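4 protein chains.
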Amino acid sequence: MPTQPAVKLNQTQPIADVQASADQRNIAIDHVGIKDMRHPIRVADRSGEQNTVAMVSMYVALPAQFKGTHMSRFVDVLHGHQGAISVASFTDLLTELSARLDAPTGKIEITFPYFVTKRAPVSGVESMMDYQVTLLGEIDHAQRDWAVRIRVPVTSLCPCSKEISEYGAHNQRTHVTVQVRATQSIFMEELIDLVESQASAELYGLLKRPDEKFITEQAYDNPKFVEDIARDIAAIFNNDERITVYDVSVENFESIHNHSAYAHIACDKRGR
Amino acid sequence: MPTQPAVKLNQTQPIADVQASADQRNIAIDHVGIKDMRHPIRVADRSGEQNTVAMVSMYVALPAQFKGTHMSRFVDVLHGHQGAISVASFTDLLTELSARLDAPTGKIEITFPYFVTKRAPVSGVESMMDYQVTLLGEIDHAQRDWAVRIRVPVTSLCPCSKEISEYGAHNQRTHVTVQVRATQSIFMEELIDLVESQASAELYGLLKRPDEKFITEQAYDNPKFVEDIARDIAAIFNNDERITVYDVSVENFESIHNHSAYAHIACDKRGR
Amino acid sequence: MPTQPAVKLNQTQPIADVQASADQRNIAIDHVGIKDMRHPIRVADRSGEQNTVAMVSMYVALPAQFKGTHMSRFVDVLHGHQGAISVASFTDLLTELSARLDAPTGKIEITFPYFVTKRAPVSGVESMMDYQVTLLGEIDHAQRDWAVRIRVPVTSLCPCSKEISEYGAHNQRTHVTVQVRATQSIFMEELIDLVESQASAELYGLLKRPDEKFITEQAYDNPKFVEDIARDIAAIFNNDERITVYDVSVENFESIHNHSAYAHIACDKRGR
Amino acid sequence: MPTQPAVKLNQTQPIADVQASADQRNIAIDHVGIKDMRHPIRVADRSGEQNTVAMVSMYVALPAQFKGTHMSRFVDVLHGHQGAISVASFTDLLTELSARLDAPTGKIEITFPYFVTKRAPVSGVESMMDYQVTLLGEIDHAQRDWAVRIRVPVTSLCPCSKEISEYGAHNQRTHVTVQVRATQSIFMEELIDLVESQASAELYGLLKRPDEKFITEQAYDNPKFVEDIARDIAAIFNNDERITVYDVSVENFESIHNHSAYAHIACDKRGR
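Residue numbers (the numbering used here), protein chains in the order written: chain A, 306 to 577; chain B, 306 to 577; chain C, 306 to 577; chain D, 306 to 577.
FYI, nobody ran anything at the bench for these hints, they're computed from the structure. Source: prediction; values computed, not measured. Take these hints with a grain of salt, some might be off.
Copies of the same chain look alike in the list, so a pair counts if it works inside one copy or between any two.
[Unchecked claim] Think about it this way: if two alpha-carbon atoms lie no more than 25 Å apart in a straight line, the pair counts; the simulated DSS-like pairs of lysine-lysine are:
id, residue 1, residue 2
1, 513, 423
2, 513, 574
3, 513, 372
4, 372, 574
Let the hints inform the model, and build the full structure from the sequences given.
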């Protein structure tokens, strides 16, 4: 059994602030903070507000002279946030974070499922589809920057398989992930619509038989490689003057292989 | 290039219902349905209602004579559900499912993060903790049965490490998962409180330094093996007359190993 | 700063064995041990031996009178095992575990990717496919029991989509998971072959264009619901006298939805 | 039922090469290829060769004028590789990939568990520890570049918790991930040793009680924040002239919270 300490701390003394002590290593830290905190949020977009659950990571830079950051303040900032989060407004969190941690630079990532009510293409029945959205924000001496990343599940149908086969064509679920920076805020739903319009077909929560027939034939009429989907989305982003930086990746969970086919295009239109 | 079909289907004919056709294999299916559908829900418990996001799976049994079930009806039932879900009420979904699919037996699993606002033990600051909850329900010819499973993250501190070391003791995050069937509904928060009271210490979203001191010393004063936590919870369940069947598992993400320590106790008090 | 203990333990005294001390709670533990230990293994099957990497979990029952098990002995047993692991031989580990932990009952689960070299159907080019295999063993007073579980990724093509559409049919990657107990050991490759033969088409690591044409048309010629695949495999297991207990589950990662279609059949032919 | 095509393809005609057809969109693709292919490999390092199982992704750039890449050739290159993979030699795969796909630029990522046999600090008993290693390689017009990334699980003990508490200190499993580019190849085991030496304590597969005592006290004697571990490793990399670019991230799976503490330092010593 371990020996008990002979002298107890005097509880009226202030508790030491280890994090605030000086550091001699002369090495600044790029990002320090909390990672993967689950948190309920409200999100606002084109069709109104919705409740969802986010994974939140928040970091600041730590100058070389300080030993540690104050982790509890990150949680304070998050819990103190009132109101809905939107592409337009979530960067306010960056300003709060910067002020509260007394740090000129910082970074926030908020990932959540976002639901859109869609109408089936023939029957018109409504159902919900979920999309994984990440809001990314950075602050650097009061200059705030943001990007939005959305993962949109779609159908892709293989042009090669269709061309060489007498009938049928392999198709599969595909994840298209787009990330954009823009000069003005863009609705998440606008990006989702854009991606879905460039797939072989889009997904739905609920399809009646006439809808399933429609989707099946639409996909067969519209075969696309991962390369095609990536390029067709890039072409649209190239022509959208609001968008300054983008990234498109397309991953097919191939129905004829046990691995993925993948294509990726990144572009910084500012020439960097 | 594949040859196009020469004759188009006459669109005014009804679309075939393949699923409803007869099956000759004479093999009934235990469970058929939809798995892992993401869906926003409201959950009601001791402290009121909250919004969260669930993963939902819903199945029915399929008699030997039918070729397939009608998958879209499961989604219909889920989308049609109004009102908050609670341990007391979620089995209504089973009745709807059974009626809509014309199936005497069925099963539903709903998994979601559930948030509880907790006060830090010394400073009293409030923050949220998240727990993974699964509601499990079965229906068999109008007889409904349910269970609730909750995964509660806690701290465990090793009694052996404390005993044999002059100072310190290894401790780590631990997942305690309890599943109970009871003769009356039990609040999720009651189960969470119960589990947290039997750990070396409980977790919080936000701790000030006096809280961290309290938690650190509490854990050191209260060392427990996975076996101890499992037994202490089982002992409470044994004495709770509402509970008829339970299952306790404890997994330590050992801070001195790259694998887990694990203990499991299952008990059906009805003697089965 | 915490006060240092004034007296050091005398290192010549034996270190206390906390686990072996008596327990007063009078609650036995069903399973206690180590979970998710990564370990390199050699596996033997029909086509010879191969090297792979396993996740291993090993448990024993702990009688009510002992406070804890000795976790390090589980690792000892695993590290001490020489020779390849096969469906026929892995239960030897159970005997070693039972002896070493002085426990009459115990349980082992070993999960690993297993590779099979396959020939493409037309070109004959060879490539490897990976399958997730789990060996499950239990010992009860020298009576050993085992089962093997294999997850086989295949293609499924929807019969409804084919029937109602003028051309094309949605298809997708599907996971078929079978678990069997048998009166004699069964080659993993035999189970894999059996499952693949009952899908719309099987997967390959490498396909040339003539192979892709073949697979595409084969899947279109062979449409199957999750229900069909589950039943066709169950029918074969029903007629295989070696197999006493089986479990078949089929999960389609639907290419037209963002959730899965799922079917499950379980059967204990011994009438339990 | 869909109408069958009236005319069959003449099988003696060559099968169309859709991928090689011209593309009019004038958009080059940064990376296209196969992602997450599971493959057994042999790895060579300081202590010899070992067998393990990798996840492999391989990509090339696709010029604007081609419609698609030839996915099967990536698998061919991987299957054709003979001999062990090492930090020194795996970039040969890049040369093969570039030649076979006729692509001047390409990229390979190979991730696998790597096992090191370690001796417990007091008893000297041997056991294996697993580390996740990723080899990253790029080729650009015959110029090959590589980096190695290793995730090392360790123990961290909180300096604040130790300082403010009369006894005990919270500690937990921590993932330290380092990625380095260097002017000459570096043994994986050298990087693992380096990281482990900078943690509060290192992990082992198997510890006897005297070892557990040693590790417990060592961690208590050596408290470190995520910031400390990141800085101490960065300081060593700063002084290692072989290393030109590095990245260190430290993630604590906090034993008192349900989220992680995280720190990250990146440095390009070439001044970019």
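Going down the list of hints, with the structure as the test:
1. 513 with 423: Within. Shortest intra-copy distance 13 Å satisfies the 25 Å Cα cut-off; inter-copy 39 Å does not.
2. 513 with 574: neither (43 Å within a copy, 38 Å between copies)
3. 513 with 372: between (61 Å within a copy, 18 Å between copies)
4. 372 with 574: between (39 Å within a copy, 23 Å between copies)
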